[in-house]
Amino acid sequence: MSYLRLIWVFFRLGIINVLQYRANFLAQLLSTFLGLVSALGGLAVVFSYTDNLDGWKPFELVGLVGVYFLVGGLLSLLIRPSMERFMRDVREGTLDFTLMKPEDSQLLVSIKQIEIWKLLDIGLGIVLLVVSLVQLGNAIGLGQVLAFVIALMVGATIVYSFLLMLATCAFWFTRVDNILVIFQSMYEAGRWPVNIYPPWLRSSLTFLVPIAFAITVPAEGLTGRLTWQTLAEAVGLAVVLALLSRWFWRFGLRHYTGASA
Numbered sequence: 000m001s002y003l004r005l006i007w008v009f010f011r012l013g014i015i016n017v018l019q020y021r022a023n024f025l026a027q028l029l030s031t032f033l034g035l036v037s038a039l040g041g042l043a044v045v046f047s048y049t050d051n052l053d054g055w056k057p058f059e060l061v062g063l064v065g066v067y068f069l070v071g072g073l074l075s076l077l078i079r080p081s082m083e084r085f086m087r088d089v090r091e092g093t094l095d096f097t098l099m100k101p102e103d104s105q106l107l108v109s110i111k112q113i114e115i116w117k118l119l120d121i122g123l124g125i126v127l128l129v130v131s132l133v134q135l136g137n138a139i140g141l142g143q144v145l146a147f148v149i150a151l152m153v154g155a156t157i158v159y160s161f162l163l164m165l166a167t168c169a170f171w172f173t174r175v176d177n178i179l180v181i182f183q184s185m186y187e188a189g190r191w192p193v194n195i196y197p198p199w200l201r202s203s204l205t206f207l208v209p210i211a212f213a214i215t216v217p218a219e220g221l222t223g224r225l226t227w228q229t230l231a232e233a234v235g236l237a238v239v240l241a242l243l244s245r246w247f248w249r250f251g252l253r254h255y256t257g258a259s260a
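Residues 0 to 260 in numbering that gives the first Met the number 0 are what the sequence shown spells out, letter by letter.
No lab work stands behind these hints: they were computed from the structure.
Quick caveat, the model's predicted, so the values are computed rather than measured.
Using C-beta positions, here's what the derived DEER-type ranges look like:
1. V130 / T173: 43 to 51 Å
2. V36 / R174: 30 to 38 Å
3. M99 / V126: 38 to 46 Å
4. T173 / A26: 27 to 35 Å
5. N51 / R174: 38 to 46 Å
6. I125 / W171: 36 to 44 Å
The beta carbon of each residue, even a glycine, is placed where N, CA and C say it ideally should be.
Turn these sequences into a full structure, and let the hints guide you.
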């Protein structure tokens, strides 16, 4: 409960900070709208020539796009800006102020910066998922919804652990900000199911940069393509990466010299 209260405090601070620049709301609204037009426009072009894409039907891919916006919104709302802030603090030596606080340092750096306008992307993702569910109707059962929810949480854990380990490299390298830019560029590929890509790219988006676990796997759970064996393997991977990222974080902290060194 103390962690939830802490997250709420940072969330309120994020709201206060961004309300100073309300024009950003219009900019984010335009960005979200253009992203939606681009994603659905691509689907419209594809399905003007075929009735399925490697077995995926139109409204199944609408659900996948919904997951894309939902997960992307969550990452851009909290994780990515916080990691960027953390890397800047390491570079400038101001991480000391975070480490002196009587709370878990990993939690603090993970929630320190909030981009509240990204709630628009999350809301849009939810709307697209609802539209997909309504159109698919009886094809969606309770088991599929449960698999989707579990896969979504597992995917978020995997991506968070992955980004935390990337950001932790800032303890050794002066600037690693471009790593997050590369990640965001590869995340764009998540608008489509990873199984449509060539084997080398599919493997990269699954194991090198875990986009597949964040987007395609939850969408497969929603559409009944996900097996329980694959889901169990994803859960195991999430546990391993969460523990590994925690160890790597603590290992990195021991190599932080700080501004006072």
